[in-house]
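If you read the sequence shown in our numbering, its first letter stands for residue -3, the second for the next number, and so on.
Don't take every hint at face value.
Dumping the calculated DSS-like pairs for lysine-lysine here, alpha-carbon to alpha-carbon at most 30 Å [stated by the list, open to error]:
no.	residue 1	residue 2
1	606	618
2	910	403
3	910	289
4	493	594
5	1186	1157
6	403	289
7	184	1186
8	78	493
9	403	594
Ranges of calculated distance between the beta carbons of each label pair, as one might list FRET restraints [unchecked claim]:
no.	residue 1	residue 2	range
10	78	338	49 to 55 Å
11	122	338	32 to 38 Å
12	1039	1212	40 to 46 Å
13	1137	572	42 to 48 Å
14	962	219	33 to 39 Å
15	698	870	47 to 53 Å
16	1212	1091	44 to 50 Å
17	617	1098	54 to 60 Å
18	754	851	33 to 39 Å
19	87	514	40 to 46 Å
20	241	865	40 to 46 Å
21	594	502	22 to 28 Å
Keep in mind that the hints were calculated from the coordinates and are not lab data. Just so you know, even glycine gets a beta-carbon here, dropped at the ideal spot from N, CA and C.
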Amino acid sequence: MPLLYPKVKPNPLQKANLCSRLFFWWLNPLFKIGHKRKLEANDMYSVLPEDRSQHLGEELQGYWDQEVLRAQQDAREPSLTKAIIKCYGKSYLVWGMLTFLEEGTRVVQPIFLGKMVSYVENYDPSDSAALHEAYGYAAGLSACVLVWAVLHHLYFYHMQRVGMRLRVAVCRMIYSKALRLSRSAMGKTSTGQVVNLLSNDVNQFDQVMMFLHYLWVGPLQVVAVTALLWMEIGMSCLAGMAVLIILLLLQSCFAMSFSSLRSKTTALTDKRIRTMSEVVTGIRTIKMNAWEKSFIDRITRLRRKEISKILRSSYLRGMNLASFFAVSKIMIFVTFVANELLDNLITGSQVFVVVMLFEALRFSSTLFFPMAVEKVSEAVVSIQRIKNFLLLDEISQCYPHLPSDGKMIVDVQVFTASWEKASETPTLQGLSFSVRPGELLAVVGPVGAGKSSLLCAVLGELPPSQGQVSVHGRIAYVSQQPWVFPGTVRSNILFGKKYEVDRYEKVIKACALEEDLWLLGAEAIIEIGDGGTPLSEGQKARISLARAVYQDADIYLLDDPLSAVDAGVSRHLFEQCVRQALKEKITILVTHQLQYLKDASQILMLKDGKMVERGTYSEFLKSRADIFSLFEKGNEQSEPSPVPGAPTVISESLVQSLQSPRPSLKDAAPEDQEIENIQVTLPLEDHLEGKVGFKTYKNYFTAGADWLVIIFLILVNIAAQVAYVLQDWWLAFWANLQSDLYSGALVKEDEAVVFVLNWYLGVYSGLTVSTVLFGITKSLLIFYILVNSSQTVHNKMLETILRAPVLFFHRNPIGRILNRFSKDIGHMDDLLPLTFQDFIQAFLLVVGVVGVMVAAVPWTAIPVIPLGIIFFFLRRYFLETSQDVKRLECTTRSPVFSHLASSLQGLWTIRAYKAEQKFQELFDAHQDLHSEAWFLLLTMSRWLAVYLDVICAIFVTLVAFGALILAETLTPGQVGLVLSLTLTLMGMFQWCVRQSAEVENMMISVERGIEYTDLEKEAPWELGYCPPPLWPPNGRISFFSVNLRYNSDSPLVLRNLEAFIYPRGKYGIVGRTGAGKSSLIAALFRLSEPEGDIYIDGILTTSIGLHDLRKKMSVALQEPVLFTGTMRENLDPFNEHTDNELWNALEEVQLKESIESLPAKMNTELAESGLNLSVGQKQLVCLARALLKKNQILIMDKATSYVDPRTDELIQKIICERFAQCTVLTIAHRLSTVISCEWIMIHTHCHLCSQQRCPAENSPTASPLRKSSHSRCRPFT
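Using the sequences plus the hints, can you model the full thing?
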């Protein structure tokens, strides 16, 4: 395991003896620490070797691979369930025997109880033999209770552990599969869906494993109890059993509904989390376009649909819980009514034996059996979803990356391939070339020509339909959109290689990173957040390049890394890095920088996926090929070609997926020996301490209903409980009457006796009906309130998150935010209402039972009071530690999601460097840390339960022997009542205390949710003062002493900026990467609040609402952000434009032909993040979106950096014509992009160096301007 979380406290369970294992004494030292102080992550015990993520995942993966092969031979679909059964079936069945023994002890208890009541009925002080026999029965009862306590918790502990192991194994398989997904498969899934699989679907395994055995134990117990009842009271027992069978049939019908509701809910949850993931990723674009309200509406609509399904399944759960609450009472009532109708006489002892036998069925048949049916039906849906994901197409190794044997070459012969099988025009067609060591192949062509696809072909990501690719040597790859993972700058560059100072310094120098690292601080310490913050795009591109150079590979595939940097740095990178550092390597460079072509060994021109021409620069000059002519739009329709990473919407068939051999991750490890672990820094988030406060509970309940409804709920709960316990009380009187009838003291034919019997039965019927009605009402009502609370908390979280400043998203990784919106909200939707209802029911039951016991036999108060005090302190002692562990469990879950999201973003880079094994190990390390917390949580709840039940067993012993000692003063009804209630209390007391602790632990999810409703907010979206509708009329912008820092403790990124932008002026802003050009835009849009004043047409930007400001400026950013949906929805998210306007905008950005050539034209569905378009095409779509807004101010922040020069030139020309009356600010690295601007502003290190008016475009003085863009000038004011 990578030493990601330096450790380790060995797990004391490994050396624990049998008693310590049975009673969980090995946890005592941890409770002592938790009692003294807050627990930290390093207090947790290391995960057991058999529970390690790697071991579990590889074991299950082996069984799954066998199942896939077997299914392939039998021409059927593989079954994940079969693989799971083969892997865990044997051990699971062995532990299942425990539950058989445990439930056996429950069935024996009523027999002992009956014998003791019988002794009291036939009490004879002189019969010492009968007394000794009764003591024997009391001892037997006590022993049964103690054995039950130990077996019950031993069973549940092992079942939960099997559930945990299965969940960890499946999570590892999901991650491992994600690393192998093909491009077409990526189009069928999304980050949101994979996060949902890892957060909610795999949770079903934890649940289902606990209850699965009750599917067979429950019916067996019913048979055993029926036999015993038949022996006691004859055929009238069948009436009660008929009630149970009808109920079980009803619950099986519920299970079918659970299954269909679950599959509908998960589909909606996938969609919501996917949208949430896109919102978090594209937050900058959303804020600059003032789209927050629209996205809040979109996600709220999805949430509403999801909640309607959750509410329906919650009502079904409520009915299940209500049946658990009332069914034993209905069964007893129906049985005794049948007994009366059949004119059978029964003794008081028989009454209580019947009551206790029905109570024995209460947990296993009316709670655990329906739970098992529900959980199995939900698990089936989850297993199906996970199986569908595991059967997605994998990347097939088209050819082996042959080891470096001195003969290094990239040879492509007549290569034709297509991303989409259904596509008529191939992405690449008939390409042939070869590159040898020391050669530089430059690949040029217009947007969507297939340049990135060519690199994918060399990487083996694009399988050929004909032709072949031979690659001899190790590959290093730099993607067009640079990818950095959370960690330090140094760990990003080393990427698992050994740190060598000299080599590292040379790489830093060659990649022009010295100055940047000096500005950022110590590169070994400076941490990169999610998405590469706080680095600029240029810095990220150079870190990606430095990573490639440091790998010292044989073959370098560089996908346009020079477009993200300014002209000076670009020249430095080309000279020092491409031509010097990589001079002996095979280098294939995709570029739009045509000035470097003369240094290339050979040039390959692409258009529409075909090779237009190939040769050296001198051959091009001789043939007089006009390179620019290549970029002109012809009449032919070109198909958009996907980027590295472009999945297609149409997938391969299942059969092919099965046939493709799965490349082993171990084979994927580089042959290099100088390897270290990749250091990914995902710091654990802060968490609160101590108990969950009353305020959290109040906020939670009042979010779902007002106080009147809550008071009504409390009254209904009390009424239900009163009706419930009065039945037991009433039964004691009725039992005494039955004893008198049986003994002949009373005669049934007597009218007074008949009247009393009818009166008893009438009241008993009324109480039974009340119990059922109140039970159903309270169950449904609490689910209604709590599910509504969950919806309200989610909506508040969503609104607060979107009102938070951009800085919040820089500080919090996407996994951390998605964790709260998936796992924590999932808990609030499903588990918390269920646990809350269970706790309230158990608590009121305990109070009611104790009340009746003390009222019936006052001396029982003597052991009850100390018992209550012990329980109270034990619970408090337990919660001190368990709440810290629960918070750690919540926080250790986030890195798992963050690592997954980061890996999916950099999938192609990880695969190109053969780093899958390293990233798999990191995932295992994150999972093991989470397992440490989860395992402790699981064992701690068992620790509490065992102690509570052992104390309860002592209480049962005291009451049993006390009843025999005081037999002379008690009636059989009293003895039967007290003993039956004590046994009811046995399971219920510890269940109540455990559920109360579980509620407190679950409330941490609510606490974490409510924490996100109280974040720091940016300035208001609207203020009382609104600018005039036609503002800004001219587009004049003035900056006065503007300073900007991204957060209070960071250095200034703009210092004392003074600038004046004339109305309708065309301004080009240039400067070195990281000089603060984009920060100027951030200040203008108030993404961080600037110090100083910025005026637009005389209005101070801070005096108006953010939306009023941001809606009046159009912006196109360097990093294109597209959302899942159609092309039309991406261009016009809120249906504000006609078709004509949309087509015109596409024409202006040179995309009309490409979109027209798609089968569904404007209604073509885009994959997640627009992956079925090339990066250049995505930039053009975002630019079209900005042009459609028709504002007086247009800002382009390197918006055409990934576009070829000819398209860029055409776009600049159109912008000059169309926006002649507007102010246009263009930030660019290509001087050709800004050369047509009237003014040039030069930035260097937080300052504006100079602002110069440009001469006419064809003036000879245009050239010195190029020189001035890199000169050091005094700060301009």
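Hint check, failures only: 3, 4, 6, 7, 8, 12, 15, 16, 18, 19
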